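In full-length UniProt numbering, the protein residues as written are 1 to 213.
A hint or two may mislead.
Stated by the list, open to error - Straight line, CA to CA, 30 Å or less: simulated BS3-like cross-link-like pairs of lysine-lysine:
id : residue 1 : residue 2
1  : K121      : K153
2  : K86       : K121
3  : K88       : K121
4  : K88       : K134
5  : K134      : K121
6  : K86       : K8
7  : K8        : K88
8  : K134      : K86
9  : K134      : K153
What the hints assert, rightly or not - Computed spacing ranges between beta-carbons, pair by pair:
id : residue 1 : residue 2 : range
10 : G139      : E178      : 23 to 29 Å
11 : E12       : R40       : 35 to 41 Å
12 : D79       : R128      : 19 to 25 Å
13 : E179      : D27       : 41 to 47 Å
14 : L15       : E84       : 42 to 48 Å
15 : E80       : V35       : 53 to 59 Å
16 : G10       : Q42       : 49 to 55 Å
Hint data in this document are derived by calculation from the structure and do not stem from the laboratory.
Predicted model only: the values in this text are computed from it and were never measured.
C-beta atoms are modelled at their ideal positions from N, C-alpha and C, and glycine is treated no differently.
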Amino acid sequence: MTVSWYRKRGDEIQLITFGFQTYHNDDRFSLSFAVPSDWRLQVRSVQARDEGTLPVSGLHSSPYHQDLTPAQAAIQILDERSVELKEKFYRTGSTIELQCRVSRVPSASALQLIWYHDDNKLNYDAPRGGVSVKTELRGTVGHSWLLVGNAMKEDSGVYSCNVTNIATASVVIHVVPEEYPAAIQQGRCLGASTCLLLLAALTHACCCCHPHR
Numbered sequence: 001m002t003v004s005w006y007r008k009r010g011d012e013i014q015l016i017t018f019g020f021q022t023y024h025n026d027d028r029f030s031l032s033f034a035v036p037s038d039w040r041l042q043v044r045s046v047q048a049r050d051e052g053t054l055p056v057s058g059l060h061s062s063p064y065h066q067d068l069t070p071a072q073a074a075i076q077i078l079d080e081r082s083v084e085l086k087e088k089f090y091r092t093g094s095t096i097e098l099q100c101r102v103s104r105v106p107s108a109s110a111l112q113l114i115w116y117h118d119d120n121k122l123n124y125d126a127p128r129g130g131v132s133v134k135t136e137l138r139g140t141v142g143h144s145w146l147l148v149g150n151a152m153k154e155d156s157g158v159y160s161c162n163v164t165n166i167a168t169a170s171v172v173i174h175v176v177p178e179e180y181p182a183a184i185q186q187g188r189c190l191g192a193s194t195c196l197l198l199l200a201a202l203t204h205a206c207c208c209c210h211p212h213r
């Protein structure tokens, strides 16, 4: 018996395999066969765009429909205490320490985790220097640790962890002078907006309160 696999999304029907021939240009789709009549369609590195119905039919049998609903990957950026971050303050000269954690993926070993500062990719040979990235991919969970040494004002901005073709998480980092209050340096204000208001007020005070000559 010859078996055909299709992909159906809305009114669109696309032939994936017919017998042992593959008619799909995405190499993540492959077919395996075991005697006497075990036909299996395999999809590697499942992505959200793969969601849909996969009908299979034989020449002398009624079609069977298999729904494919990819699990939504979970991605977080954590601090050195494994607390999820959306915004954090560091003092000048300190080390920015961030952890990216991705879970609920079919196979973490097939993933690529990439760090960005704004639009600039971060790795050990980044032009800035002092950047360290360590990544571990096991089972359905991946971790990547980013260290940026001797933080400067220019290191402020949006830091993102991108899991190729799956998801992105980001955090806003502020690098402030050492003389700023510890509550700002350690991000212990009552909410990020309070930190920003206090930061703006102190900046204004520093600019306006010069001693008279």
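Each hint, compared with the structure:
1. K121 x K153: Holds, because 18 Å separates the two Cα atoms, which is no more than 30 Å.
2. K86 x K121: At roughly 19 Å apart (the allowed maximum being 30 Å), K121 and K86 satisfy the hint.
3. K88 x K121: holds, 20 Å
4. K88 x K134: holds, 21 Å
5. K134 x K121: holds, 14 Å
6. K86 x K8: Between K86 and K8 the Cα gap is close to 38 Å, so the pair fails against 30 Å, i.e. violated.
7. K8 x K88: Cα-Cα ~45 Å, so violated.
8. K134 x K86: With a Cα-Cα distance of about 21 Å, the restraint between K134 and K86 holds, given a limit of 30 Å.
9. K134 x K153: holds, 24 Å
10. G139 x E178: 23 to 29 Å: violated, 42 Å
11. E12 x R40: 35 to 41 Å: Because 23 Å falls outside the window, the suggested range is violated.
12. D79 x R128: 19 to 25 Å: holds, 21 Å
13. E179 x D27: 41 to 47 Å: At roughly 56 Å between Cβ atoms, D27 and E179 fall outside 41 to 47 Å, so the hint is violated.
14. L15 x E84: 42 to 48 Å: holds, 44 Å
15. E80 x V35: 53 to 59 Å: Given a distance of about 55 Å, which is inside 53 to 59 Å, the answer is holds.
16. G10 x Q42: 49 to 55 Å: Since the Cβ atoms of G10 and Q42 sit about 24 Å apart, the hinted range of 49 to 55 Å is violated.
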